[in-house]
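Number of protein chains: 2
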Amino acid sequence: LQGKAFSSLLNRTMKKTALIVAGGSGTRMGNQLPKQFIEISGKPLLMHTLSLFHAYDPQTDIVLVLPAIHLDFWHHQCRKYRFTLPHLITEGGATRFHSVKNGLDLIQSGDIVFIHDGVRPLVSHDTLGRCLDTASQKGNAIPAIPVSESVRWSEGETNYPVDRTRLVLIQTPQTFLLRVIKNAYQQEYLPEFTDDASVLEKTGEPIHLVEGNRENIKITWPEDLEVARLFLR
Amino acid sequence: LQGKAFSSLLNRTMKKTALIVAGGSGTRMGNQLPKQFIEISGKPLLMHTLSLFHAYDPQTDIVLVLPAIHLDFWHHQCRKYRFTLPHLITEGGATRFHSVKNGLDLIQSGDIVFIHDGVRPLVSHDTLGRCLDTASQKGNAIPAIPVSESVRWSEGETNYPVDRTRLVLIQTPQTFLLRVIKNAYQQEYLPEFTDDASVLEKTGEPIHLVEGNRENIKITWPEDLEVARLFLR
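Residue numbers (our numbering), protein chains in the order written: chain Y, 355 to 587; chain X, 355 to 587.
Just so you know, the hints here were simulated from the structure itself, not pulled from any lab data.
Bear in mind the structure is a predicted one, so any value in this text is a computation, not a measurement.
Any given hint might turn out to be false.
It does not matter which identical chain is meant; a pair holds if it fits inside one copy or across any two.
[Said to hold, decoys possible] List of simulated lysine to aspartate or glutamate pairs, DMTMM-like, C-alpha gap at most 25 angstroms:
| hint | residue 1 | residue 2 |
| --- | --- | --- |
| 1 | 536 | 415 |
| 2 | 397 | 577 |
| 3 | 556 | 511 |
| 4 | 455 | 517 |
| 5 | 397 | 580 |
From just these sequences and the hints, can you work out the full model?
Here is the structure:
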């Protein structure tokens with residue numbers, strides 16, 4: 355075994371944790387039930403998301419961050435759907451930053467952490483492989499896809515064109531060496547921390563983009579649920 | 355009838371033309387057949403697109419711009435699928451600008467022109483209504499939707515975050531008063547003319563954004579076809 359094949363084998367032996375953040379309130383869905391709990395193809399969306407990391411590598415530890423008010427409901431759902439995949443659970447915080455920090459505090463050891471949106475059940479094994487390879491070599495890997503449509507900057511009454519060829523849409527799992535991201539989350543919270551890449555970037559680390567997959571949508575709007583149902587089949 | 359209701363009635367009586375541009379070569383689809391000709395839900399994609407403008411208002415004239423090499427194939431397809439919706443056809447040019455200009459040259463009279471991608475079969479009647487209302491009052495209307503994902507600017511090895519709340523994704527139909535857009539297309543071609551809004555903007559006119567609809571995707575990648583199939587049902 356040489357080069358890439360050896361590197362891939364090595365990466366498979368790394369200790370991995372998937373940190374799944376499921377904090378949304380679901381207000382954009384026009385639905386009282388937060389979107390991660392909506393049943394789709396036979397089970398709640400969030401169960402699909404947890405299962406995909408297990409399917410990628412059954413040795414992956416799973417940590418789930420949930421709003422405190424949803425803990426009981428989730429336990430009830432796990433019984434109802436006979437969902438037996440082992441996972442640690444912790445409470446979410448006031449912001450995404452605080453939720454991820456709570457999750458990282460639960461991870462005592464390991465090499466790699468995938469920080470992933472609970473409402474992205476469609477990340478591909480290829481994307482996970484690219485995240486793993488680059489994060490293990492360079493410390494971080496952020497999946498991204500090009501923009502297919504024309505883009506404009508819009509501010510009040512004015513708007514102007516933007517060169518879409520320079521823009522990428524960011525997905526998750528944002529993937530890190532565990533020690534690197536734990537260190538980054540020691541910082542004080544800043545409102546500009548909109549995702550994990552922005553937290554790490556503040557420490558001066560360069561961010562490494564890898565190719566995501568187009569199906570890996572964030573379930574945000576009602577029509578996204580229809581699309582997810584299609585691709586989960 | 356007063357105000358908005360009166361305005362809507364007035365708009366319905368305006369003479370409208372849909373100018374459908376179907377120039378793509380389909381190389382991104384991994385398919386020899388250009389994507390506008392792929393059969394989906396019983397007929398070629400492009401027939402769905404033409405039909406939706408007829409469904410919105412049967413009085414709408416339809417002008418189709420096709421690459422010269424596809425004219426025979428299209429006529430054959432129309433016979434095969436018994437597609438009898440009346441439409442004028444003209445040849446595409448070297449760029450989208452030249453294709454649209456050819457199409458505009460065919461439109462002798464009217465009030466409003468919808469310039470629409472042949473591979474967007476999912477624009478809603480609500481979006482068409484917003485385009486019509488704003489274009490008739492302000493001269494132009496460009497449908498756009500907010501960006502759901504984090505965005506980065508990526509250039510070579512470096513990349514940095516962009517405030518996605520200021521960005522919008524541009525859709526079609528880009529909608530205009532006929533005399534306004536005919537006048538704009540008298541300009542010499544510039545490579546920066548990536549869409550009709552950019553052509554009009556060069557004359558000094560402000561661009562007016564209206565709300566699009568999320569299903570109104572541009573069929574670009576193979577997985578887009580699956581999504582379109584879902585929403586066309």
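Evaluated hints:
no.: 1; hint: 536 <-> 415; in the structure: within (16 angstroms within a copy, 61 angstroms between copies)
no.: 2; hint: 397 <-> 577; in the structure: both (18 angstroms within a copy, 23 angstroms between copies)
no.: 3; hint: 556 <-> 511; in the structure: between (33 angstroms within a copy, 17 angstroms between copies)
no.: 4; hint: 455 <-> 517; in the structure: between (35 angstroms within a copy, 23 angstroms between copies)
no.: 5; hint: 397 <-> 580; in the structure: both (14 angstroms within a copy, 22 angstroms between copies)
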